[in-house]
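Q: Residue strings, one per chain:
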Amino acid sequence: MKVRIHVSLKPGVLDPQGRAVHHALEGLGFSGVEDVRVGRLIELDVADGTSDADLDAMCRQLLANMVIENYSIEKPETARAAA
Amino acid sequence: MAFRGAVITFPGSNCDRDMAVALEKVSGEKALRVWHGDADLPERLDFIAVPGGFSYGDYLRCGAIASRSPVMRAVIEAAGRGVPVLGVCNGFQVLTESGLLPGALMRNAQLTFTCRTAPLVVENGQSLFTSGYETGSTVHLPVAHHDGNYFADEATLDRIEGEGRVAFRYADTVNGSQRDIAGVLNETATVLGMMPHPERAIEADHGGSDGRTLFEGAVGALVGT
Numbered sequence: 001m002k003v004r005i006h007v008s009l010k011p012g013v014l015d016p017q018g019r020a021v022h023h024a025l026e027g028l029g030f031s032g033v034e035d036v037r038v039g040r041l042i043e044l045d046v047a048d049g050t051s052d053a054d055l056d057a058m059c060r061q062l063l064a065n066m067v068i069e070n071y072s073i074e075k076p077e078t079a080r081a082a083a
Numbered sequence: 001m002a003f004r005g006a007v008i009t010f011p012g013s014n015c016d017r018d019m020a021v022a023l024e025k026v027s028g029e030k031a032l033r034v035w036h037g038d039a040d041l042p043e044r045l046d047f048i049a050v051p052g053g054f055s056y057g058d059y060l061r062c063g064a065i066a067s068r069s070p071v072m073r074a075v076i077e078a079a080g081r082g083v084p085v086l087g088v089c090n091g092f093q094v095l096t097e098s099g100l101l102p103g104a105l106m107r108n109a110q111l112t113f114t115c116r117t118a119p120l121v122v123e124n125g126q127s128l129f130t131s132g133y134e135t136g137s138t139v140h141l142p143v144a145h146h147d148g149n150y151f152a153d154e155a156t157l158d159r160i161e162g163e164g165r166v167a168f169r170y171a172d173t174v175n176g177s178q179r180d181i182a183g184v185l186n187e188t189a190t191v192l193g194m195m196p197h198p199e200r201a202i203e204a205d206h207g208g209s210d211g212r213t214l215f216e217g218a219v220g221a222l223v224g225t
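Protein chains in written order, with the numbering used here: chain A, 1 to 83; chain B, 1 to 225.
Simulated restraints on C-beta separations:
1. B:D172 with A:H23: 21 to 27 angstroms
2. A:I42 with B:R116: 31 to 37 angstroms
3. A:S72 with B:A204: 52 to 58 angstroms
4. A:I73 with B:T114: 32 to 38 angstroms
Stretch-level coverage of chain B by chain A, calculated; a stretch enters the list once three of its residues show a Cβ under 8 angstroms from a Cβ in chain A:
5. 58-66
6. 108-117
Simulated from the structure, these hints should not be mistaken for lab results.
Positions of the beta carbon are idealized from the N, C-alpha and C atoms, including for glycine.
Construct the entire structure; sequences and hints are all you get.
A: Shown next as structure tokens:
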């Protein structure tokens, strides 16, 4: 089962990388960009039936830093539901 | 009692030798070297140093993977027993990722790697690590990092300031750190994390000796001289 973990900075945490990308987009002439936040995508290939609790634990213990980051877990089912 | 200090080495550590040399010059005792994969630390340690570098390639986040290594479980346990732990640069990142210190280190606000000697104000000269300095004095230590931008939420910042747990503050803005914080102590002031490198400033001939004062204060307090 392929699972996608999206890790993003919490709202209110200044994102220096996002700011630099925002600046660069403006430099390219894209004037309508209000804000840019840079996060990361981690793709896991895990055993079918891996529990949500285990996925949460992976995020909390290592993949995301809960001081500054939020995470969301996208599983195949939820991806279909969202489509 | 002879001083027993240990220096942890992770894959990618590059300040571990300097840290060992600093401890040896000041204490006169050989520093014990500990590999990241070791599950146990040497017995009867007086001091543990988590050095700078790029542990595990800084993949995922600086210090995140190192903070979950076997040796860090032993370091966290030792810190819980009150063994002093000093984390410098990547070592500071490791200590925040491991939960021994509050906050997190983010990409420098100016997005550039910063390598220079920085003036620091000693905010707390009372701790084990800072007893050689006068509170309020200015010292000069090298900084060399890309991710030294200290972040904690306002409530945490207020709490650590109120408890005297800000050990060092940059005298001028170096990396965008909240309140220009450069070094933080834990609740019992037995764990210190700092981005500047005291181990790179122990010889006047090599650009300054303000860092030596930190090791002299700590080793002196620990061996009772």
